[in-house]
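K.L.:
Spelled out from the first residue to the last, the chains are:
Number of protein chains: 2
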Amino acid sequence: MDVSDIEKAKKQRIEILEKLGKGVYSQIEHGENPSLTLPTRGLSNVKYDKENRIITLGSGMSKRYFLNVGHVRKFVQTMAMAALSKELIKSDKHTSLRSAFYQVRRTIPGTKIDVVDDQVETNKAIEDLELITGLTREQLHINANKAGSVAGEVVIEDRGDVIDWSKLGSGGWAIPSNVEDIIFRKVDAKFVIYFEKSTMFERANEDKAWKKLHCVIMSSQGQATRGIRRLLQRLHEEEGLPVYVLVDFDPWGVYIYSAIKFGSIALAHASDRLALPEAKFIGLMAKDIDRYGLRRHLIKFKDIDAVRLKQIKDYDWFKNSKEWQEELSRMEKLQAKVELDAFTAKGLSFMTDEYIPNKIKEKDFLD
Amino acid sequence: MDVSDIEKAKKQRIEILEKLGKGVYSQIEHGENPSLTLPTRGLSNVKYDKENRIITLGSGMSKRYFLNVGHVRKFVQTMAMAALSKELIKSDKHTSLRSAFYQVRRTIPGTKIDVVDDQVETNKAIEDLELITGLTREQLHINANKAGSVAGEVVIEDRGDVIDWSKLGSGGWAIPSNVEDIIFRKVDAKFVIYFEKSTMFERANEDKAWKKLHCVIMSSQGQATRGIRRLLQRLHEEEGLPVYVLVDFDPWGVYIYSAIKFGSIALAHASDRLALPEAKFIGLMAKDIDRYGLRRHLIKFKDIDAVRLKQIKDYDWFKNSKEWQEELSRMEKLQAKVELDAFTAKGLSFMTDEYIPNKIKEKDFLD
Numbered sequence: 001m002d003v004s005d006i007e008k009a010k011k012q013r014i015e016i017l018e019k020l021g022k023g024v025y026s027q028i029e030h031g032e033n034p035s036l037t038l039p040t041r042g043l044s045n046v047k048y049d050k051e052n053r054i055i056t057l058g059s060g061m062s063k064r065y066f067l068n069v070g071h072v073r074k075f076v077q078t079m080a081m082a083a084l085s086k087e088l089i090k091s092d093k094h095t096s097l098r099s100a101f102y103q104v105r106r107t108i109p110g111t112k113i114d115v116v117d118d119q120v121e122t123n124k125a126i127e128d129l130e131l132i133t134g135l136t137r138e139q140l141h142i143n144a145n146k147a148g149s150v151a152g153e154v155v156i157e158d159r160g161d162v163i164d165w166s167k168l169g170s171g172g173w174a175i176p177s178n179v180e181d182i183i184f185r186k187v188d189a190k191f192v193i194y195f196e197k198s199t200m201f202e203r204a205n206e207d208k209a210w211k212k213l214h215c216v217i218m219s220s221q222g223q224a225t226r227g228i229r230r231l232l233q234r235l236h237e238e239e240g241l242p243v244y245v246l247v248d249f250d251p252w253g254v255y256i257y258s259a260i261k262f263g264s265i266a267l268a269h270a271s272d273r274l275a276l277p278e279a280k281f282i283g284l285m286a287k288d289i290d291r292y293g294l295r296r297h298l299i300k301f302k303d304i305d306a307v308r309l310k311q312i313k314d315y316d317w318f319k320n321s322k323e324w325q326e327e328l329s330r331m332e333k334l335q336a337k338v339e340l341d342a343f344t345a346k347g348l349s350f351m352t353d354e355y356i357p358n359k360i361k362e363k364d365f366l367d
Numbered sequence: 001m002d003v004s005d006i007e008k009a010k011k012q013r014i015e016i017l018e019k020l021g022k023g024v025y026s027q028i029e030h031g032e033n034p035s036l037t038l039p040t041r042g043l044s045n046v047k048y049d050k051e052n053r054i055i056t057l058g059s060g061m062s063k064r065y066f067l068n069v070g071h072v073r074k075f076v077q078t079m080a081m082a083a084l085s086k087e088l089i090k091s092d093k094h095t096s097l098r099s100a101f102y103q104v105r106r107t108i109p110g111t112k113i114d115v116v117d118d119q120v121e122t123n124k125a126i127e128d129l130e131l132i133t134g135l136t137r138e139q140l141h142i143n144a145n146k147a148g149s150v151a152g153e154v155v156i157e158d159r160g161d162v163i164d165w166s167k168l169g170s171g172g173w174a175i176p177s178n179v180e181d182i183i184f185r186k187v188d189a190k191f192v193i194y195f196e197k198s199t200m201f202e203r204a205n206e207d208k209a210w211k212k213l214h215c216v217i218m219s220s221q222g223q224a225t226r227g228i229r230r231l232l233q234r235l236h237e238e239e240g241l242p243v244y245v246l247v248d249f250d251p252w253g254v255y256i257y258s259a260i261k262f263g264s265i266a267l268a269h270a271s272d273r274l275a276l277p278e279a280k281f282i283g284l285m286a287k288d289i290d291r292y293g294l295r296r297h298l299i300k301f302k303d304i305d306a307v308r309l310k311q312i313k314d315y316d317w318f319k320n321s322k323e324w325q326e327e328l329s330r331m332e333k334l335q336a337k338v339e340l341d342a343f344t345a346k347g348l349s350f351m352t353d354e355y356i357p358n359k360i361k362e363k364d365f366l367d
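Going line by line, the protein sequences match chains S and X.
In terms of our numbering, the first sequence has 54 at position 54, counting the first letter as 1, and numbering is strictly consecutive.
In terms of our numbering, the second sequence has 210 at position 210, counting the first letter as 1, and numbering is strictly consecutive.
Beta-carbon label-pair distances, calculated as ranges: (1) S:9 / X:183: 36 to 46 Å; (2) X:357 / S:357: 45 to 55 Å; (3) X:65 / S:190: 49 to 59 Å; (4) X:183 / S:211: 20 to 30 Å.
Interface residues of chain S toward chain X, partial, derived using beta-carbon atoms under 8 Å: (5) 93; (6) 103; (7) 143; (8) 146; (9) 170; (10) 198; (11) 221.
Simulated from the structure, these hints should not be mistaken for laboratory data.
All C-beta atoms, glycine included, are put in the ideal place defined by N, C-alpha and C.
Isolated chain S (complex conformation) (with noise of 0.2 Å):
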């Protein structure tokens, strides 16, 4: 990807937009009753496609007209958000979706009524905009929430800069929301770690563990944001890098994976852009307890914890999956956590220096 490509695949959004534009238009010359059409959201139409092991949207396909009294809001808002989403792109600016709310917002001349009331109106209506373009919110302009840090022998160019990953001091890169413009110049590394814990990102960082493993590492605050999955997801399709999530273990640390390698229901629209299939595991594993010794370091089960385990262990794409179950089975059994802070136990840089190269050179995955 270069320079050139971004500026092609803003043309390109912005002509799908203005399609859409036409086409209500057109509808409206010709004396039709303008209408949209879009695949069905919510839980019945959400299903776990087993072959490209993604959670996704199922075939159901529904249709909003404008002038229907229960459509013509939904109607009014989407196309409010397709404009301001193309103004977006020409200017080059972002947003976010609370800074979108306000800048749709506003009284329909002549009447008392607005186009939104609520910030769940246009959050609705940016996700009906993805379905109908096929867009993301981040191609769309519409940012989410920024977080996490990234550090390897990498440079990247963005907006003109170029940063170089290896000689970002303590802190690292700052993971943008939107990742979707970045340039990759060089990568020189064979994989890439996320960490569920910051705590864990400075440990390894300290050591310069990316040059040791020579890889790239990364991490936010447990949920992996859409920025930094969107991040994975380019390193390991564009650059061929390989994946591993770590993180404790616990139900809350296999959820972390899951919402990296599988997508999440509430972003099944999504899913081809965020999901990583190819995402591997690397622990905490149940047979790691004793291998490493933890075992003083089980933390028992709070209620909570069993109740998240169960649901967890009876997802579809865990359900499928015999080496999962029995791992889940195992935690099911111990009804106890271990968390990655307990290998400091054994040294500040036992993890990088002996439980990750092991996991990789054993190749000791789950998927």
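On the provided structure of chain S, position chain X as indicated by the hints.
P.N.:
Structure of chain X alone, referenced to chain S:
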């Protein structure tokens, strides 16, 4: 500050810790009951220092004895943390609160007694060590969580890397949890703005507002982390930059400002390394609502907002200020909040093109 200063400071810290150990050792040699003297923690000894405008500890002191059933556990834990901290500084590595717990967790040989059972104990031991040594946990190499990013025409040196905060694309520099050893190489800015919201930071960064306004911009999400607070303090104290805090018009925004400026009750013992009494509040203020036509974007208070406002109004550091009492009364009368995001209704760059320059030019601050 230079690299040699960093080395010198490290040596001094090791000496402080060694002196602590030698003191206890000498007490033992002299047949005394080993003891540690430290300021009393807890609400009874926390006070607001009107003159210096920070929340700080009073003069109450307490003594902790080794040969005292009620003290011995804490005594041993504090010494264990001191030993760990000395090793960390010597090896130039950092750990986290959670990891520190695992690092000192062990069974005392020949007994069934563990040095620590719970992280609460190590957290307290670290606070005690801060009080005894006068060093912060960052100086003791025990880091907090990391979050937030920064941009501006500033060049720093960190762990041998030279980092230009103006050349980091849409992401910015990820602020580490520990900024003690950062060296400011070139600071070309007139002030610093801390934004409550990361989306505001991204917007301002996209416009390169730091260039237009000739300032440094910084944000995490909500409350400023310890790393951010210390970085703000260092930019102010060492580089003479005024620090402005820009938050929503609501009690939560006011409290973000409050913690940056006055410190907090929980961290009263660390105020001199974290608080920034010269920080200024640049809004949103009640009067900005009409000046900038934001009245339609008022969001009615929920009960929790009203309760929080009452608490904040009653804090000593706001009670003593006539202008703050007036401002908080105006908020109380409105029983509504306004978000910074509302500015985007007036144009995506309105905040950095109009609002902030007006505030600075008119010196329209609350103190």
